[in-house]
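Construct the complete structure from the given sequences, taking the supplied hints into account.
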Amino acid sequence: MAEVSEITGGETNLAAWLLGIQTIKIQPYHLPPLGPHDVKVRIKALGICGSDVHHFKTMRCANFIVKKPMVLGHECAGIIEEVGSQVKSLQVGDRVALEPGVSCQRCSLCRDGRYNLCREMKFSGSPPNNGSLANKVVHPANLCFKLPDNVSLEEGAMCEPLSVGIHACRRAEIGPDTNVLIIGAGPIGLVTLLAARAFGAPRIVIVDVDDCRLSMAKELGADEIVQVSTNIKDVGEEVVKIQNAMGSRIDVSFDCVGFNKTMSTALSATGVGGKVCLIGLARTELTVPLTSAAVREIDVVGIFRYRNTWPLCIELLSTGKIDVKPLITHRFQFSQKDIEDAFQTSAGGGNAIKVMFNL
Amino acid sequence: MGKGGNSHEEEEENMAAWLVGLNTLKIQPFKLPPLGPHDVRVRMKAVGICGSDVHYLKTLRCADFVVKEPMVIGHECAGIIEEVGSEVKNLVPGDRVALEPGISCWRCDLCKDGRYNLCPEMKFFATPPVHGSLAHQVVHPADLCFKLPDNVSLEEGAMCEPLSVGVHACRRAKVGPETNVLVMGAGPIGLVTMLAARAFGAPRIVIVDVDDNRLSVAKNLGADGIIKVSTNIQDVPEEVERICKEMEARVDVCFDCAGFNKTMTTALSATRAGGKVCLVGMGHNEMTVPLTPAAAREVDVIGIFRYRNTWPLCIEFIRSGKIDVKPLITHRFGFSQKEVEEAFETSAGGGSAIKYNSKDEEVDLI
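Protein chains in written order, with the working numbering: chain L, 1 to 359; chain X, 1 to 366.
For the record, the hints were derived by calculation from the structure and aren't laboratory data.
Cβ atoms here follow ideal geometry from the backbone N, Cα and C, with glycine treated the same way.
Just so you know, not all the hints are guaranteed correct.
Below 30 Å or equal to it, Euclidean Cα-Cα: the simulated BS3-like pairs (lysine-lysine) are [what the hints assert, rightly or not]: (1) L/K241 / X/K112; (2) L/K146 / L/K40; (3) L/K68 / L/K57; (4) L/K337 / L/K321; (5) L/K122 / X/K245.
If you want the footprint, here are the derived chain X segments under chain L, 3+ residues with CB under 8 Å [what the hints assert, rightly or not]: (6) 219-232; (7) 281-295.
Sample of chain X residues facing chain L (criterion: CB under 8 Å; computed from the structure) [as the list claims (entries may be wrong)]: (8) G51; (9) G114; (10) R115; (11) L118; (12) E121; (13) M122; (14) V139; (15) G274; (16) V299; (17) D300; (18) I302.
Written as structure tokens, this is what we have:
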């Protein structure tokens, strides 16, 4: 809810600030001035990501440390309220999905199109950059993508996690010839499942330790589901089960978790000459049978966020090739209590896949 | 019957170096299979020793391949055609050829896709149970024998095999005029990889090793930078810094030609975001490495197994002088019981020994 300032009559922009471990407070958020190529967006839908939860629980995520209060959130969509003087492609009232990361567009990686790897990347909700769980944000216009009428704002917010799956499927070259194994049926495993299907993968097997998540995967179109354990000794036996479930060569495996066990399973189960795509960034060091995979010419493909994925995501949603709506399992409003409940729900995992704020 | 053949009244008994037990090689008769219509019979003239040959000698196994019965050793070879099968059109007796060791099935999906090096039915010289080529003569498919130009010696022909590993790795890693290359390990494989990378146009190549002598050889072979590193994994961060300084630019592609935790960790840390690490060396099976931070910088790990379709390019590189493999041949031995044993001991010793060619001596039988 926006508070109306008594003095100026203008609305005070509020945001959800991470102040300390497990401490979020809705407080005023003073926006930067609108640049000529910026737009001001009223945020209407925002999803919680595992990295947001990680920041919430530990005040850090890998090498990113939260050193001062930071606005959380980065998976979002909203309505344009104001456009900068040079903005031609968008106007007030347009419904847009936001791509969070502002890269420098000057370094060799950016100029090569691999801007997701830019070392100067300013990513919403990744310290020290403020995120977008707020009434309004200011964002570059070229990172705001107009939504067709038949794509909701919630689906617009889902473009962000879906982008990870899309980028992974591109890097792994998924197509009508590639049988796919997905390890992990959490939000990332599920968007990867949806993306792989949209890219034409003929057969998709998905594995997880959790029954409920596997049921959802089956409903979302997985050809086979296999329940696995957390015990690394079970890898040999599970690889056989997985290969039987696939029935033919596994061409590409996506490890959407990133543990020794999941990566070992992926490297062992994938067919000769195939690819293993490491998406899940759970650990730093991994102990895996890398050499026996290398002598079978299995390549390990790395994934970091995404690049140039919004237009494709929106197209796939608009044509119905992908339906992300079932992934939104919980909804909350933008209030102090709801925010706290939302993060606890997301952190709890289990049958909570995507927790979505409606502002 | 094939064309050409032995002009002697009595058939010469074919001899070969057999691996008969742990650390035990014996020169013994080796009866050749009959010559098929698409085969040729080759008199071996030059055979190099590979690390895998030494491994079989010392342990009777290499990864999952186990020597269960006596096996002829050796696979890096070149020789002269003695006889050709009835359907062979492109080779004649007297031709000097380099041999590609591995006979794939040509029927499976991998073969049909051109990735025949990964064929599950591969029959490879000196990988059990298939006999190798350290012998007077072998019988081999004609299409795996590549004619050598006049200016390419038989020893250089034998070097095409290890060189092929480097060439295949450079292809998979897409080495070219824009890729600065780091090579971990200056043994035979590191060196052929370096030579191949240069031939593919790599602008700057830095090579690292623990051994000073190997690093000098590398410098003489044209490395832009050499760095001595330790075997202590704690030294990785400092070594990565030194490597990047020596490269004077970012590392685009790194070849790990050793294959240990330390070398892979160095490789993954030193390579730039979006670059590639090619795992060529087969050190340990399970490795503990910072795979996740590398994946989070989209550093891909490329696997390498032997080679495919590399002989024509290797021969062309050598013919044109783009690659000179001769300095890699550090020791030469003849084909006798004593010399074969010495040759393997020298090769196993590593250090300053790079490649050992067992030159077959022709023995006249009366």
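Hint-by-hint comparison with the structure:
no.: 1; hint: L/K241 / X/K112; result: holds, 28 Å
no.: 2; hint: L/K146 / L/K40; result: holds, 14 Å
no.: 3; hint: L/K68 / L/K57; result: holds, 15 Å
no.: 4; hint: L/K337 / L/K321; result: violated, 36 Å
no.: 5; hint: L/K122 / X/K245; result: holds, 28 Å
no.: 6; hint: 219-232; result: violated (count 0)
no.: 7; hint: 281-295; result: holds (count 14)
no.: 8; hint: G51; result: violated, 14 Å
no.: 9; hint: G114; result: violated, 10 Å
no.: 10; hint: R115; result: holds, 5 Å
no.: 11; hint: L118; result: holds, 5 Å
no.: 12; hint: E121; result: violated, 12 Å
no.: 13; hint: M122; result: violated, 11 Å
no.: 14; hint: V139; result: violated, 28 Å
no.: 15; hint: G274; result: holds, 5 Å
no.: 16; hint: V299; result: holds, 6 Å
no.: 17; hint: D300; result: holds, 5 Å
no.: 18; hint: I302; result: holds, 5 Å
Checked against the numbered hints given earlier, this structure breaks hints 4, 6, 8, 9, 12, 13 and 14; the rest are met.
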